[in-house]
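Enquirer: Sequence:
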Amino acid sequence: YKISARATFNAEYFYVVNPPESVDFKNPLSLGFSFDTGGHIFQINFSNAPAMTERHALTQTAGSWMDGDFALGFSIYRTFSF
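Everything in the sequence shown is counted per the numbering used here, starting at 1 for the first residue and increasing by one.
There could be a bad hint or two in this list.
[To be verified] Label pairs and their in silico Cβ distance ranges:
| id | residue 1 | residue 2 | range |
| --- | --- | --- | --- |
| 1 | E12 | F42 | 12 to 20 Å |
| 2 | G73 | R6 | 16 to 24 Å |
| 3 | S75 | I3 | 28 to 36 Å |
None of these hints come from the bench; they were simulated from the model. Even glycine gets a Cβ: it sits at the ideal position worked out from N, Cα and C.
My request is simple: use the sequences and hints to build the entire structure.
Expert: The structure is reproduced here in structure tokens:
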């Protein structure tokens with residue numbers, strides 16, 4: 001969701017149809033905020049998934065938001081022109 005010309009709110013949720021029975025599986029939910037400074041993009045993310053790749057998020061999410069099981073992620077992107 002675009003908050004302003006340089007800021008966005010991001011959300012992602014996956015409903016996994018056939019979750020693995022071997023673990024107490026939870027559907028992954030991620031919330032984030034991005035801010036563009038003109039040359040850099042700063043992102044902060046909160047998620048109950050153990051990693052940001054589909055392989056891990058869709059098969060290994062055992063943490064629950066209600067229990068406080070979430071991770072904090074931070075990234076910086078830089079735009080280059082050649």
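Enquirer: So, for every hint listed, does it hold in this structure?
Expert: Status of each hint after checking the structure:
1. E12 to F42: 12 to 20 Å: holds, 18 Å
2. G73 to R6: 16 to 24 Å: Cβ of G73 to Cβ of R6: about 20 Å, so the range 16 to 24 Å holds.
3. S75 to I3: 28 to 36 Å: Hint violated: Cβ distance 18 Å, outside 28 to 36 Å.
Going down the numbered hints, you'll see the structure goes against just number 3.
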